[in-house]
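Q: Using the hints, position chain A against chain B.
Protein sequence lines correspond, in order, to chains B and A.
In terms of UniProt numbering, the first sequence opens at residue 1 and continues consecutively.
In terms of UniProt numbering, the second sequence opens at residue 1 and continues consecutively.
Please keep in mind that the hints were generated in silico from the structure rather than gathered at the bench.
Keep in mind that this is a model prediction, so the values were computed, not measured.
C-beta: ideal position from N, C-alpha, C; glycine also.
Check each hint, because a few of them may be wrong.
Stated by the list, open to error - Not everything, but these chain A residues come out facing chain B in the computed CB check (under 8 Å): (1) LEU26; (2) ASP32; (3) PRO35; (4) GLN39.
Claimed, not checked - Mimicking DSSO-like on lysine-lysine, the simulated pairs with C-alpha atoms at most 27 Å apart in a straight line are: (5) LYS287(B) x LYS20(A); (6) LYS305(A) x LYS485(B); (7) LYS159(B) x LYS20(A); (8) LYS287(B) x LYS46(A); (9) LYS287(B) x LYS266(A); (10) LYS430(B) x LYS479(B); (11) LYS159(B) x LYS27(A); (12) LYS479(B) x LYS305(A); (13) LYS139(B) x LYS27(A); (14) LYS266(A) x LYS485(B); (15) LYS19(A) x LYS287(B); (16) LYS490(B) x LYS266(A).
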Amino acid sequence: MTTIGIDLGTTNSACGVWTKDGVKLIPNRLGEILTPSVVSLDTNNELLVGRGARQRLINHSDRTVATFKRLMGTDHTVFLGRMGFNATELSSLVLRSLKEDAEAFLGEPVSSAVISVPAYFSDNQRQATRQAAELAGLKVERLINEPTAAAIAYGLHEKQEGMFLILDFGGGTFDVSLLEYFDGVMEVHASAGDNHLGGEDFVDVMVADVLARNGLSQEAIPPLDLQNLYLQMEGAKRKLGPGQTLTLTLGKKTVEFEVTQDWFIEICTPLLLRAKAPIERTLRDAKIPVASIDDVILVGGSTRLAPFRAMVGRMFGRLPSCHIDPDTVVAMGATIQAGLVMRDEALDDIVLTDVCPFTLGTAAFNEPYVDELSYFPIIERNCVVPISIVRRLYTASHNQSVVGVKVYQGESPNINKNIFLGEIKVRVPKGPKGVEAVDVRYSYDANGILEVDVTVVSTGVNKQLVIERAPGALSDAEKEAARAKLAGLKFHPRDGEENRMLVARAERLYESSLDHRREFVGKLLDRFHYALDRQLPHEIEEAQTYMKDMLDQLESEHWF
Amino acid sequence: MWPWSELGLESTDDVRAIKKAYARLLKQTRPDEHPEAFQRLHQAYKEALASAQPKNQHPAPKFGEPAPSEPIQTPEEPSAASKLFQPLNDSGNTPPPNADPFPGQPAGQQPLQVNEPPPDNKPFFDNTDNKPESLENTKLTLETEPPPQTDIDPAKPVPGEKIFRFIRGGRSTAAPPPIEDTPVASYRMRALAFALDTIAIAVALAIGQFLLTAITGKAGLPLWILAPATYPLAALLFEGSRWQATPGKKLLGLKVVNRELMPLSKRHSLGRIFTFVVTTALLWKGIWLVNAFLRGRLLHDRLSKSYVVHVSNLP
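Excised from the complex, chain B in its bound form (with noise of 0.2 Å):
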């Protein structure tokens, strides 16, 4: 039984294993590490995920989804052609896949996974990726928080003692983890994030402004174009730097478009404030001087920004290391992570520790004011898990004989503004009121997962959490459901995969260029499916070899 270490991102996802030699990081079937997190079905209703699904993007966006990640936790549903999918199917698919690449790599089953998620992920989002990896056959063996994968990758990477802080800023999610590293202990002393903040953000706002300087809407322009127009702004964000005009078809109109850096910073200057506020917090939560922090640690695709790399360097004074890639990173401390709770013995000296990022709490009436529901926090923001804490609440009425537990995550005195996890009632005897009480515990274990009890003091009645219809969450009759749903749709067959993303790379090379560089591409595309009927498959090796090259040879615009 092997346990790979997976990091399912919102751009792309990446999986590895625990080898005697240390990190081994899967490459898919196409040979790359990096998955791209995107799901597309064809007409067949034949899945598929990562580049091949990337390049249906644009020609078929309406059965293609990237970024779903960014709905986990939620019940929203997007439908991919006539078939809906809720973020945890979708992420439950890449993982399938990402599973299926890892088995074929190792030629042995794999039937377990510790998978990454955002420090700050709240317990609905990890109730979700929990979900995902059960539907896809895994199971999951730990949860660990991205910044402290990326930490372990650094800390035993390079053998460096010291104090930490990881930025992990990825497409979708930002973290912000304070680390220490000594004796072969790994200690988070605080973590702190925003769950809607990434790189496709920078994009969306890109778009949202050349659309807006132009007088126009998304809906107003036709699919494709908006989805050209993503490509576009996405390659120009990579390449951000002196100046770069780009063409851009929005509809009816083309128009020429100068990308500059002052463009960028000034309308993502929001955001990049935005990133300062978890930093901030981690600091002053940690209670640790910025002096006394040894290094700052880039992980994630998105702090390859500059504008990013500036605003850092100017909160610390010195320049942030990112030695590791920071795209991989994170999956290979998730496998590091998969080597210890296999408990290989090259990883047995090593401990770590963690937090929990959020504060855990319920709703009480705060006496006096008893006529308005008031947070009562149980358990504290960047206090170290595992933990189980006990507080005792009591009745407030006379005669009270329901006493209802609503479990609570978030820093905010108004309930209303933390986030409802879940609630549980029970029945107490009827009495006076403030006589009968109930001990309500939480407990959040290293996975971040969250386990509340309530007992009734007088009768002992012990009752546990089962949330009702948690966002994203499914039920037992659901789930079967869903397996069943998924299990009938079938992967492209392995060696047809590559086939048709070389095609559909050409498609849409065909549609973004014109006269004869199209005829080109054309003759190409003929060529390719000629070798591809004749079923030869020395020929077919011998098309794609060719194609490939072709194809490298005109993509003079890097947008994947």
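A: Only chain A this time, still in chain B's reference frame:
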């Protein structure tokens, strides 16, 4: 003496030695294997570190002594409040020196009762002990936290529409469970639609027969009597179409949808009509009565899991 006994050290200011001892002990008490022992160890470690660096530390009130009367001004180490409620030594050893949760309170009123055996050796704490002052103090410790900055508070749930914008690809995104929040059409509307449809069909049949009679010259039984029986056929034809409604429903602005507020598939539509025929046939005499009490979710709607809603309620 606690916390040094926990770490197996003599009282020291040597941070390095404290860390070494902690690291050594931690490897025997891994957090995932011995959660409670780990919490104790970690608490002792933090305590030892704090006393080794006196400049970062508030003078911790000794246990049992009245604490300074002013509320805490600067937040202590953020997890301090929660650590107070972590498991005490279950062997009944001396509790940690800062076990006083309400430093603003005279000792006599403290709600924390260490001598009373807590329920199954779990930490015991009560919060609503009819002591308003103690509760206010709880509030005070809360208020020393930095005020949440509402516009950038990451814990704030993002409204649904905002999430939509983040998503790329996919034909459309809908937020289920939509039908729970969508009012279905009332029984009166439905009955009116049915009446309109039946009249329309009857008229159509009558005109058809009139034309037929004009052509063939033979008069048969009046066909319009068959209007109610023809209704299911017409419904099948119209509800499965782009209209998603029979002409009567269309006129009243009603639409037939499934749980996701999407049009019914052909099979679903057939199922709906089938259940309509069956329920009508079985309950013909009482049908109007039964359906009138179902709050707009008529028998065949319920059985076929379809919904009839007003167009204005659709997204």
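Q: Run through the hints listed earlier and report the numbers of any the structure violates, in increasing order.
A: Numbers 9 and 10, in rising order.
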